[in-house]
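Visitor: In the order they appear, the protein sequences are chains A and X.
The first sequence maps to residues 118 to 487 in our numbering.
The second sequence maps to residues 118 to 487 in our numbering.
Hints were generated in silico from the structure; no laboratory data involved.
Please read these numbers as outputs of a predicted model, since none were measured by experiment.
Please note: incorrect hints may appear among the correct ones.
Stated by the list, open to error - Okay, derived cross-link-like pairs now, DSS-like style, lysine-lysine, Cα gap no bigger than 27 Å in a straight line:
no.: 1; chain 1: A; residue 1: K224; chain 2: A; residue 2: K168
no.: 2; chain 1: X; residue 1: K160; chain 2: A; residue 2: K406
no.: 3; chain 1: X; residue 1: K192; chain 2: A; residue 2: K427
no.: 4; chain 1: X; residue 1: K160; chain 2: A; residue 2: K168
no.: 5; chain 1: X; residue 1: K168; chain 2: A; residue 2: K427
no.: 6; chain 1: X; residue 1: K358; chain 2: A; residue 2: K168
no.: 7; chain 1: A; residue 1: K427; chain 2: X; residue 2: K160
no.: 8; chain 1: X; residue 1: K127; chain 2: X; residue 2: K288
no.: 9; chain 1: X; residue 1: K160; chain 2: A; residue 2: K160
no.: 10; chain 1: X; residue 1: K288; chain 2: X; residue 2: K358
no.: 11; chain 1: X; residue 1: K406; chain 2: A; residue 2: K160
no.: 12; chain 1: A; residue 1: K406; chain 2: X; residue 2: K288
no.: 13; chain 1: A; residue 1: K168; chain 2: X; residue 2: K168
no.: 14; chain 1: A; residue 1: K192; chain 2: X; residue 2: K406
no.: 15; chain 1: X; residue 1: K168; chain 2: A; residue 2: K160
no.: 16; chain 1: A; residue 1: K160; chain 2: X; residue 2: K427
no.: 17; chain 1: X; residue 1: K168; chain 2: A; residue 2: K192
no.: 18; chain 1: A; residue 1: K137; chain 2: A; residue 2: K168
Number of protein chains: 2
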Amino acid sequence: MGFTFKIYEKDPTSSARRGKIITTHGEVETPVFMPVGTQGTVKSLTPDEIKNCGVEMILANTYHLYLRPGHETIKNMDGLHHFMNWPRPILTDSGGFQVYSLAKLRKILPEGVMFQSHIDGSRHLLTPQKAVEIQEALGSDIMMCLDDCTPYPATYMQTKKSLDLTINWAKLSREAKKPSAQALFGIIQGGNYKDLRQKALEETVKIGFDGYALGGLSVGEPQEIMYEIAHNFTNALPVDKPRYLMGVGTPEDIVYAVSCGADMFDCVIPTRSARHGLLFTNDEKIVIKNARWRQSDIPPDETCDCYTCKNFSRAYLRHLYIAGEILAMILNTIHNVRYYTRLMERIREALKENRFTQFKNEFLNNKGGV
Amino acid sequence: MGFTFKIYEKDPTSSARRGKIITTHGEVETPVFMPVGTQGTVKSLTPDEIKNCGVEMILANTYHLYLRPGHETIKNMDGLHHFMNWPRPILTDSGGFQVYSLAKLRKILPEGVMFQSHIDGSRHLLTPQKAVEIQEALGSDIMMCLDDCTPYPATYMQTKKSLDLTINWAKLSREAKKPSAQALFGIIQGGNYKDLRQKALEETVKIGFDGYALGGLSVGEPQEIMYEIAHNFTNALPVDKPRYLMGVGTPEDIVYAVSCGADMFDCVIPTRSARHGLLFTNDEKIVIKNARWRQSDIPPDETCDCYTCKNFSRAYLRHLYIAGEILAMILNTIHNVRYYTRLMERIREALKENRFTQFKNEFLNNKGGV
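The following block holds chain A by itself, in its conformation from the complex (with noise of 0.2 Å):
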């Protein structure tokens, strides 16, 4: 009763696929959208939230748990999802991502990644088969190998090393894997080129994982690139396999990649909006401060089930914006997380009922194309 992926339907006009994964913490619908719980909380919203938002399954980052509590502190807790009670799936990233984003001094090394942490200058190495075991601590259902992340833009010659690097840690990666119900997905790197994707992608599934992941998109590159990767490689990943795309991203990129393919998505794009005042509709961005909310007793959105939508106007998440109030943050939170939550059962509703490509292309125009 390990980790298992199925297929319920694939799409007869394009690669999307409705399937179901299997974990021992429960079942989670693909295609499926992961909030974000950085520090092993999804910010500003209780667990009783996030399962009201419809979430099957969240991310936890393994760089912040390592270095605060402790991924120590949280195996003699019994967990993450125990200590952060969370009953429900749990993937965590390798912490490879924030380690080239967050944390200061970084080196890389041929046996890992050293770095000072962000929090209080300590110094880390972070290699493979730490990567694994911490994760392993952690508990999470879905473990992510360690990879070097490329920056964009970079040069062929960068990005092969790197590539090496992470094809190198992906081995070391799965042979620190204890046998465990533990699922490890692997991670494409090769940047912009082609052949270092096609080569990335050959070598990772020759290792074998339960699973694998597009990785070094959403890192500073043109959005058409990210769709010309998504399009060109989501779909010559295995077929039986999950397939993730890291980092992604705003509703019309997960439409889009869901048609090339991709089961799984995170991004802090809904929790971090709602934090700064912007709330997911399907007509427009709104900005929850602006002036002509002032007197508006409409909800945000008005096809919307959320707690936010189904008690609250407009008028008053201005005024809680405005006022600094943290009821703000929670409610925009709730709001844009079922946002994506609902837009994935609607991608998988049309997946069930064989109009997908037409949910696609109407969900796209209304958005203004891509």
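With chain A fixed as given, assemble chain X onto it according to the hints.
Guide: Below, chain X alone, put in the same frame as chain A:
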């Protein structure tokens, strides 16, 4: 079907009593504690969470809501209950205390108080009539008369002069109030001078209100003085009207004041302490950031039935607090508000079972006594 107050039991060995306030927005068991919802939100809680804590009535601040978003806006949004989605009773203060404590360039005039907004420096004149008008626009169930809050310490002459103003303003407030289901409470000032407190009491009761408050407490005076005033004057208030001890207080203060005959309390202590990582229990006040909780798997209070205590460990709450997470404030606030409402439930239970004085003695001795 206006505002009514019923008494169920009077304690045989103290002035304590158990009763019920009935408003058009529902009933409130007394003695009651009202969490403070300054800007139309009890900081960091959703209305559902407030209800789940067993809260029956909240307090909102007229000063803040008048300045932002404005009472006319709230009136246009069908009143404060609808605006903030809190269908249960609301008490609004008059704004006088916040003008006293927050506003810039405050100037007392015979007709009211001139002040500058702490938000944008704009000038305003708050008169007794205006305070009633604002509270009528907000639509609160209980309105308070504008009073002049005498500072501590103050000379006899300062206090007398301030009191004369408060009594005159009480008359003007009473005259300004439109007939409605909204109740209006008078406020007894008089500082630390018995004869002035007595005069305030007689004159205010002569005007005739739906309830009476002891004001000018919790303004920096020693606890003994507050206890003496509560002891001497609470039970001197009309027996058939609710008695409200404004701004009180700690759990010990409340238990003591109930024995003096007080029915209603409000204070920022539970919510503000929560945001600073202090958690109330019957045994000790927990400082959640302390290293001793690093791997503590017990909840803040094993006897507590709140969402926080039912689901989270001290170790997790410590992690959230140290990591600066919003969820720390949410979960801590849920617990502290529930601690206060449970305290009031225990007080009412003791009154019902004719053992309040025993409860009081045990509670206060357990805390080191008074």
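Visitor: Run every hint past the structure and note whether it holds.
Guide: Here's how the hints hold up against the structure:
1. Straight-line distance between C-alpha atoms of K224 (chain A) and K168 (chain A) comes to about 39 Å, which puts the hinted pair past the 27 Å bound.
2. Straight-line distance between C-alpha atoms of K160 (chain X) and K406 (chain A) comes to about 19 Å, which keeps the hinted pair within the 27 Å bound.
3. For a cut-off of 27 Å, the pair hint linking K192 (chain X) to K427 (chain A) stands: about 21 Å separates their Cα positions.
4. For a cut-off of 27 Å, the pair hint linking K160 (chain X) to K168 (chain A) stands: about 22 Å separates their Cα positions.
5. The hinted pair formed by K168 (chain X) and K427 (chain A) meets the criterion: a straight-line CA distance of about 17 Å does not exceed 27 Å.
6. Note on K358 (chain X) and K168 (chain A): the hinted pairing is violated, with a Cα-Cα distance of about 45 Å set against a maximum of 27 Å.
7. About 20 Å separates the Cα atoms of K427 (chain A) and K160 (chain X), which keeps this hinted pair within 27 Å; it holds.
8. For the proposed pair K127 (chain X) and K288 (chain X), the alpha carbon gap of about 31 Å is over 27 Å, so the pair is violated.
9. Pair hint K160 (chain X) plus K160 (chain A) holds up; C-alpha atoms about 16 Å apart against a cutoff of 27 Å.
10. Simply put, K288 (chain X) and K358 (chain X) have alpha-carbon atoms about 18 Å apart, close enough for the 27 Å limit, and the pair holds.
11. The suggested pairing of K406 (chain X) with K160 (chain A) holds, with an alpha-carbon distance near 19 Å, which does not exceed 27 Å.
12. For the proposed pair K406 (chain A) and K288 (chain X), the alpha carbon gap of about 41 Å is over 27 Å, so the pair is violated.
13. Proposed proximity of K168 (chain A) and K168 (chain X) is supported: the alpha carbons are some 19 Å apart, at most 27 Å.
14. For the hint pairing K192 (chain A) with K406 (chain X), the CA-to-CA distance comes to about 20 Å; that is within 27 Å, so the pair holds.
15. Straight-line distance between C-alpha atoms of K168 (chain X) and K160 (chain A) comes to about 22 Å, which keeps the hinted pair within the 27 Å bound.
16. Straight-line distance between C-alpha atoms of K160 (chain A) and K427 (chain X) comes to about 20 Å, which keeps the hinted pair within the 27 Å bound.
17. Only pairs whose Cα atoms come within 27 Å are accepted, and K168 (chain X) paired with K192 (chain A) is rejected, the gap being roughly 35 Å.
18. Using a Cα cut-off of 27 Å, the hinted pair K137 (chain A) and K168 (chain A) holds, with the two alpha carbons roughly 18 Å apart.
Checked against the numbered hints given earlier, the structure breaks hints 1, 6, 8, 12, 17 and satisfies all the rest.
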